[in-house]
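S.K.: Letter by letter, the chains look like this.
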Amino acid sequence: MTEPRRPKLAGFLWAVVRLREAGIGLFIIILVGLVTLRVPAFLSPDNLLDILLNISILAIVALAQTMVIITHGIDLSVSSMIGLAAMMVAFVVKQNPEMPALLALLLGMMLGAALGAFNGLIITYGKVPPLIATLGTLSIYRGLVFFYSGGTWINSFELPKSFKLLSKGTPLLLPNMVLLALLAALIVYYFLNHTRAGRDIYAVGSNPEAAQMSGIPKQRVLFLVYLLSGVACGLAAVLWASRFESAQTNTALGFELQTVAASVVGGVSISGGVGTVPGVILGALLLGIIQNALTIVRISPFWQLAAQGLLILIAVIVDHLVQQRAQREVQS
Amino acid sequence: MKIPDDYILELKKITKRFSGVEVLHDVSFTLRSGEVHALLGENGAGKSTLVKVITGLHQPDGGEVYLNGKPVHFANPHDSRQAGIAAIYQELSLFPDLDVAENIFVGRQPTTTAGRVDWRKLYAEAERLLSSLGVHLDLKQKARHLSIAQQQMVEIARAISINARILIMDEPTSSLTLNEVADLFRLVRRLRQEGAAIIFISHRLEELYELADRVTVLRDGAYVDTRPLNEVSRDELIRLMVGRTISNLFPKQEVEVGEVALKVEHLSRAGSFHDVSFELRKGEILGMAGLVGAGRTNVARAIFGVEPPTGGQVFIAGQEVHITSPQQAIGYGLAYVPEDRQAHGLIPPMTITANISLPMLESYARRGWLQDALERSTVFAAARQMEVRASHLWQRARELSGGNQQKIVLAKWLLTRPRILILDEPTRGIDVGTKAAVHALMSKLAAEGIAILMISSELPEVLGMSDRVLVMREGRITAHFSRAEATQEKIISAATQAVGALS
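Line by line, the protein sequences give chains A and B.
All residue numbers for the first sequence refer to numbering that gives the first Met the number 0, where the first residue is 0 and numbers rise by one.
All residue numbers for the second sequence refer to numbering that gives the first Met the number 0, where the first residue is 0 and numbers rise by one.
Please keep in mind that the hints were generated in silico from the structure rather than gathered at the bench.
These figures come from a predicted structure and were not determined experimentally.
Beta carbons: idealized from backbone N, C-alpha and C, even for Gly.
Please note that the accuracy of each hint is not assured.
To be verified - Here are some of the chain A residues that sit facing chain B, going by a computed Cβ distance under 10 angstroms:
| id | residue |
| --- | --- |
| 1 | Ala100 |
| 2 | Leu102 |
| 3 | Gly150 |
| 4 | Ser161 |
| 5 | Thr169 |
| 6 | Asn175 |
| 7 | Tyr189 |
| 8 | Gly197 |
| 9 | Tyr201 |
| 10 | Ser268 |
What the hints assert, rightly or not - Capping the alpha-carbon separation at 30 angstroms, the derived lysine-lysine pairs in DSS-like fashion look like this:
| id | chain 1 | residue 1 | chain 2 | residue 2 |
| --- | --- | --- | --- | --- |
| 11 | B | Lys120 | B | Lys139 |
| 12 | B | Lys69 | B | Lys51 |
| 13 | A | Lys167 | A | Lys217 |
| 14 | A | Lys217 | B | Lys120 |
| 15 | A | Lys217 | B | Lys139 |
| 16 | B | Lys69 | B | Lys120 |
| 17 | B | Lys139 | B | Lys69 |
| 18 | B | Lys69 | B | Lys262 |
| 19 | A | Lys167 | A | Lys93 |
| 20 | B | Lys11 | A | Lys126 |
| 21 | A | Lys217 | B | Lys51 |
| 22 | A | Lys93 | A | Lys160 |
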């Protein structure tokens, strides 16, 4: 069969939107161009670094959220896991100022793993749908933050300098936090594309019954993605406390929506089975750029939320249209 | 006398109960290497349950399973796969978001010693496997974009790749075109020649005669008989299956045809069909034959306003109408029973009552409030008239057998008192007994003066039920026969040959 003929430009645009990553990339370039025309300082190294710093934590958690969503699940409790782990780690660090910062990082990841494992158990053993299970732990974990802290905060002066530098230090040219996010992206990319366990995640999300029939340990795969989500949140929690030099009862409140937004904008399908690491990273980058750009061109922060929401809707609608068209091409 | 040891699979006196109800009773079954063994029975006879016992999805409550002469016990489908048994179900079990090659090896992708997936080897293996089957597919194509026939090929390749010696195919041909069926049969014969044992389930008796060596018949969960197919006639098979003789499968009565109820002129819809014209009279059954994908369903959907036509005219009782939604169509006295009951005909999680009353809900309501008693009594009468077999009317539609689901869809549309009824594959996937009931009902409705447009891919049904036959091919009408002129050969040639052979 011959390819239907299309005008050149339309054909090019079609190819771009069809390849999700290219579509977002193009959108980012246009956006950056427009903002730079208005405020040339947007492209200054300082501002670009600022954007990277702002999206590092988001990228780390969104990567984990993506794995969860690929299995046709969702983890709403990420914000509370970050809040709880940040509070606990900050408390331990405050008590032991001599503790190596790297140990704090490990502690955070272990705490996160425990919280994520609990989610995983409710979902696999308890057979509670992920949306409900993590909605429950969203409240439980946040409640524990208040319980653990007695409602008080841990402030900057209570934390040692080494801990504060953990996220912002630049021994290797870029801030540690940005490097950690990049490392996380590489690891998740390798995991999802080049290991059986990673491929099992796609298989489970694409057709759960068939996955089971093919001998894929479905429950174990599900448990794993929620566990990993917890680990990512633990890591994010330590970086959060280090970067903002505090742990508060409302740390990361509402953050789950941003992680879902980054995934969905990055082309991860809410119905499971579809999603790539480059897509999510670009999704997080786009959210970060929009936030930064709106601030720089002095648009009210109220609009930032609206812009984020609009972006999600556009992403989903474009997805739908692209799929419809792809389906038609196959049929004809 | 064969030595019993030469059976690759043997089931002895299998019994299976679900919550106290016996669905399989002392069923025995034997399978040899290098044979195609058909499993035949009405819906609910226990074929699917038997298959699920073989694959380990269900555990038998009594009896034994022997594989190569040794007793085995499968705790789950994974166990049976390991033992070389692969089942290809009606609902295909591919991963729509993974590509062809990965679908074949999912869960057991080849890896390097470091545990990394060896993609190069995976694609090479997939290529080798598919070409050894004589199948040509783009390895990087996502499974969601494959046709059903191609998906089956991938499933078969997957079965071969795990060295399955026993292949179970549950109604593999029900949604294939004639050419695709031929391809599938070629492949099955080839596998048989290479020594595979194949259990083949189909309701189409003609196919069994063409392909199978032996047939085992089940009825109401019990074993009836096993025979070589070349020693048993078609009528005999039907008698074994239903336990009675169905003298006439297609009891279309002679009916005086009345005036034109529906007239379609030069109807077109870009991309799916062109220049379709025909007349349908009161009391007439107009058969629409053709291959799957010839555009017949699209014509029906266009007339019913689901996908309105882009050109041409539709007349109902002589008046031109412009139907753009199913609500309008219902208002004009049209009813459409779609092909895919699960997707378009029923709302599976809703009760039988709710499903049947759906199109006519307004008439059971007073000032917006449903009158439960009225709804119930009407639905009850309709369900009884259709002989729906269910434990009660609050049962969910998804729990019913295919035949009973079809009865519910019919009951639902008949309550709208249609003057024109479009039936799309009215008996696909339902058993012989229910089929006869549906045919009798169609005949009765025609006698009452309803005009019926019947789309069917089953030629005996088309020939037996239709007063006139239209044949479509690639979106156009290619032939038009009266009941007397129509033969199997003429219809097949019009459905498969180029336009221009128009009689």
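S.K.: Evaluate each hint against the coordinates.
M.R.: A quick look at each hint next to the structure:
{"no.": "1", "hint": "Ala100", "in the structure": "violated (31 angstroms)"}
{"no.": "2", "hint": "Leu102", "in the structure": "violated (29 angstroms)"}
{"no.": "3", "hint": "Gly150", "in the structure": "violated (46 angstroms)"}
{"no.": "4", "hint": "Ser161", "in the structure": "violated (36 angstroms)"}
{"no.": "5", "hint": "Thr169", "in the structure": "violated (33 angstroms)"}
{"no.": "6", "hint": "Asn175", "in the structure": "violated (28 angstroms)"}
{"no.": "7", "hint": "Tyr189", "in the structure": "holds (8 angstroms)"}
{"no.": "8", "hint": "Gly197", "in the structure": "holds (8 angstroms)"}
{"no.": "9", "hint": "Tyr201", "in the structure": "holds (6 angstroms)"}
{"no.": "10", "hint": "Ser268", "in the structure": "holds (8 angstroms)"}
{"no.": "11", "hint": "B:Lys120 x B:Lys139", "in the structure": "holds (14 angstroms)"}
{"no.": "12", "hint": "B:Lys69 x B:Lys51", "in the structure": "holds (19 angstroms)"}
{"no.": "13", "hint": "A:Lys167 x A:Lys217", "in the structure": "violated (39 angstroms)"}
{"no.": "14", "hint": "A:Lys217 x B:Lys120", "in the structure": "holds (25 angstroms)"}
{"no.": "15", "hint": "A:Lys217 x B:Lys139", "in the structure": "holds (25 angstroms)"}
{"no.": "16", "hint": "B:Lys69 x B:Lys120", "in the structure": "violated (35 angstroms)"}
{"no.": "17", "hint": "B:Lys139 x B:Lys69", "in the structure": "violated (41 angstroms)"}
{"no.": "18", "hint": "B:Lys69 x B:Lys262", "in the structure": "violated (65 angstroms)"}
{"no.": "19", "hint": "A:Lys167 x A:Lys93", "in the structure": "holds (19 angstroms)"}
{"no.": "20", "hint": "B:Lys11 x A:Lys126", "in the structure": "violated (37 angstroms)"}
{"no.": "21", "hint": "A:Lys217 x B:Lys51", "in the structure": "holds (20 angstroms)"}
{"no.": "22", "hint": "A:Lys93 x A:Lys160", "in the structure": "holds (11 angstroms)"}
Hint violations for this structure: numbers 1, 2, 3, 4, 5, 6, 13, 16, 17, 18 and 20, all remaining hints satisfied.
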